[in-house]
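Peer 1: All chains, please: the whole structure from these sequences, using the hints.
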Amino acid sequence: MSKLSEKLRSKEFVVTGEVGPPKGVNIEELLEDAKRLLKDTVVAVNVTDNQSAVMRIGSMAICHLLKQNGMEPVFQMVTRDRNQIALQSDLLSAWVLGIENVLCLTGDHNTLGDHQQSKVVYDLDSVQLLKAVTGLNEGHDMAGNELEGSPQFFQGAVVTPEYDPVELQIIKMKKKIDAGAQFFQTQAVYDVKTFESFMNKVEKFNVPILAGIVVLKSAGMAKYMNQYVAGVFVPDDLIKEMADTEKNDRKNKAIEIAARIIRELKPTCQGVHIMPLGWDNTVPEIIKQADLA
Amino acid sequence: MHATIQKPLTEILSFLKKGEKVFVVGCSNCAAKCHSGGEEETKFMAERLKGQSVEVTGWAAPPDGGSLCKLSIAEKMLNEDHKDAAQKADSFLILSCGQGIHTIIDATGGAPVHPGCDTIFGGETVRDDYITEYCSLCGECIVEITGGLCPLTLCPKGLLNGPCGGSKDGKCEVDSDQDCGWQLIYERLKELGKVERMYQYTEPKNHGTWSKPRSLEVGLKKSAFKSLAGLRTIEQE
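In order, the protein sequence lines correspond to chains A and B.
Counting along the first sequence from 1, when you hit position 214 you're at 214 in this note's numbering, and nothing is skipped either side.
Just remember that this note's numbering sits 1000 ahead of the position in the second sequence, which is counted from 1.
Heads up, a few of these hints could be off.
Computed footprint of chain B on chain A; a stretch qualifies when at least three of its residues, placed anywhere within it, have a C-beta under 8 Å from a C-beta of chain B [said to hold, decoys possible]: (1) 108 to 114; (2) 152 to 166; (3) 175 to 181.
When the alpha-carbon atoms are kept at most 27 Å apart in a straight line, the in silico DSS-like pairs for lysine-lysine are as follows [unchecked claim]: (4) B:Lys1033 with B:Lys1007; (5) B:Lys1171 with A:Lys174; (6) A:Lys204 with B:Lys1190; (7) A:Lys193 with B:Lys1168; (8) B:Lys1221 with B:Lys1190; (9) A:Lys119 with B:Lys1226; (10) B:Lys1190 with A:Lys201; (11) B:Lys1168 with A:Lys174; (12) B:Lys1194 with A:Lys240; (13) A:Lys119 with B:Lys1168; (14) A:Lys193 with B:Lys1171; (15) B:Lys1212 with B:Lys1168; (16) A:Lys204 with B:Lys1194; (17) B:Lys1194 with A:Lys201; (18) A:Lys288 with A:Lys247; (19) A:Lys217 with B:Lys1168; (20) A:Lys240 with A:Lys174; (21) A:Lys174 with B:Lys1194; (22) B:Lys1190 with A:Lys174; (23) B:Lys1171 with A:Lys201; (24) B:Lys1007 with B:Lys1043; (25) B:Lys1168 with A:Lys223; (26) B:Lys1050 with A:Lys223; (27) B:Lys1212 with A:Lys119; (28) B:Lys1168 with A:Lys201; (29) A:Lys119 with B:Lys1017; (30) A:Lys119 with B:Lys1171.
No lab work stands behind these hints: they were computed from the structure.
Here the structure is a predicted model, which is why all the values come from computation and not from measurement.
We put the beta carbon where it would ideally sit given N, CA and C, even for glycine.
Peer 2: Rendered as structure tokens:
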């Protein structure tokens, strides 16, 4: 059983981190950073799957390397690029490489990435993928064939608390839980009040939710996300706080803001998922300042 | 409606060898409605080709709004009405959808053909000057639970169990001018008082009925649809 599932089951407050595989085969920096900054600070590390539809090293390989280096990976899997055969095959492959957690997502559309003319697959959606994982865990594939030995994945999904209208996200969240989702990680949360109101609506589902923390690097990034990134809303006072900060002090401010949000969110959820977007070296200090160390 | 757009003249010219004699064929149904290959556009294409020193043996579009993709119409047109000019041609330039192109291969017993149009989608003619896609011709309609709106077509990801997290202000992550298909479905179900259908799980699409090439035997009493999902026989009562 994965550490992530054990800790969530025993109602501990859990912190997960995230790495994004590089484009190319130089992985030394990613592994060194993960060992130095994440290994002793987070319970598990998500590995993104060709994030933003940009072609990179696959999530499975990096998950395996993290595992070899003493970390517990969360294998992110999007349905954009693989059909049912490839998705299920990769799930079985991941399991035999020691990967126990999987996060099922739809994935950004091809046209948002760097291979815009590639074939759009989406043979399954995220709900159907969760159901496929449930099936493998039960010992059969999607066609109903029996497996010779089945995995026991701990499977998660995502939800966007600031989506408008949020009811659509909650309906889909319910479908994901019915399909087998055992935990959720959320899109970035900056507005604690909106998050609390979301949590009140989904409390009845009784499923562990890790709030998404995207490290806010600048006022420009905040404005960009508000304009272009779906389901992300950075309140004006946070933008101002960032804008009023000298450039060379921004990293400290980013840490301070992330830690503050975590402290405020902590009573409402079962953990946080920190996405440093390259500022990996902020993670240990965020955890410390959030009183989670 | 099979929506089509005409290829640029430079591309069409690149298909033709020096000295190649061409007969230009149009369609008086869908391509005429798209102004990509009706009688007028077919005649104009013949003139433009002549202006580029291409030897055009003739041109024709089916009479009375006829569809080029009906083999008997294409045969009568090329083997009777325009027989002489058609027989002089080395090849046929087709201003219609891809179905029409193959109809000319059949009608001529295998003559060389060139596509003059790109076939872009099957759509609803909302107005004479606006056609839009509501159906992907998947072979197994699922709109009963979505209030008549097809998520396979209206969502670029073809998601069947609700929206992704990518839409913003009701617009799709792929194109900020395009409505999120699932938000349209949600609003429609709310209007119909059937929003509970949003909770219904939909199985993965059976891609067998969406396989290629498919065929249909048509009969008044009995029809048969053949796809990789198997033969589906439909008997009228």
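Peer 1: Does each hint fit the structure? Answer for all of them.
Peer 2: Going down the list of hints, with the structure as the test:
1. 108 to 114: holds (count 4)
2. 152 to 166: holds (count 6)
3. 175 to 181: holds (count 3)
4. B:Lys1033 with B:Lys1007: Roughly 16 Å between the alpha carbons, so the hint for lysine 1033 of chain B and lysine 1007 of chain B holds.
5. B:Lys1171 with A:Lys174: 23 Å, holds
6. A:Lys204 with B:Lys1190: 23 Å, holds
7. A:Lys193 with B:Lys1168: 20 Å, holds
8. B:Lys1221 with B:Lys1190: Between lysine 1221 of chain B and lysine 1190 of chain B the Cα gap is close to 39 Å, so the pair fails against 27 Å, i.e. violated.
9. A:Lys119 with B:Lys1226: 25 Å, holds
10. B:Lys1190 with A:Lys201: Distance of about 20 Å is within 27 Å: holds.
11. B:Lys1168 with A:Lys174: Satisfied, since the Cα-Cα distance of roughly 21 Å is no more than 27 Å.
12. B:Lys1194 with A:Lys240: 44 Å, violated
13. A:Lys119 with B:Lys1168: 24 Å, holds
14. A:Lys193 with B:Lys1171: 25 Å, holds
15. B:Lys1212 with B:Lys1168: Violated. Lysine 1212 of chain B to lysine 1168 of chain B sits at ~35 Å, over the 27 Å cutoff.
16. A:Lys204 with B:Lys1194: 23 Å, holds
17. B:Lys1194 with A:Lys201: 21 Å, holds
18. A:Lys288 with A:Lys247: Given pair lysine 288 of chain A, lysine 247 of chain A holds - Cα atoms ~23 Å apart, limit 27 Å.
19. A:Lys217 with B:Lys1168: 22 Å, holds
20. A:Lys240 with A:Lys174: Not satisfied, since the Cα-Cα distance of roughly 36 Å exceeds 27 Å.
21. A:Lys174 with B:Lys1194: Holds, at roughly 17 Å.
22. B:Lys1190 with A:Lys174: 18 Å, holds
23. B:Lys1171 with A:Lys201: Holds, because 24 Å separates the two Cα atoms, which is no more than 27 Å.
24. B:Lys1007 with B:Lys1043: 16 Å, holds
25. B:Lys1168 with A:Lys223: 15 Å, holds
26. B:Lys1050 with A:Lys223: Roughly 57 Å separates the two Cα atoms, so the pair is violated.
27. B:Lys1212 with A:Lys119: 17 Å, holds
28. B:Lys1168 with A:Lys201: Since the Cα atoms of lysine 1168 of chain B and lysine 201 of chain A sit roughly 21 Å apart, the hinted pair holds (cutoff 27 Å).
29. A:Lys119 with B:Lys1017: 33 Å, violated
30. A:Lys119 with B:Lys1171: 22 Å, holds
Consistency note: the structure conflicts with the earlier hints numbered 8, 12, 15, 20, 26 and 29.
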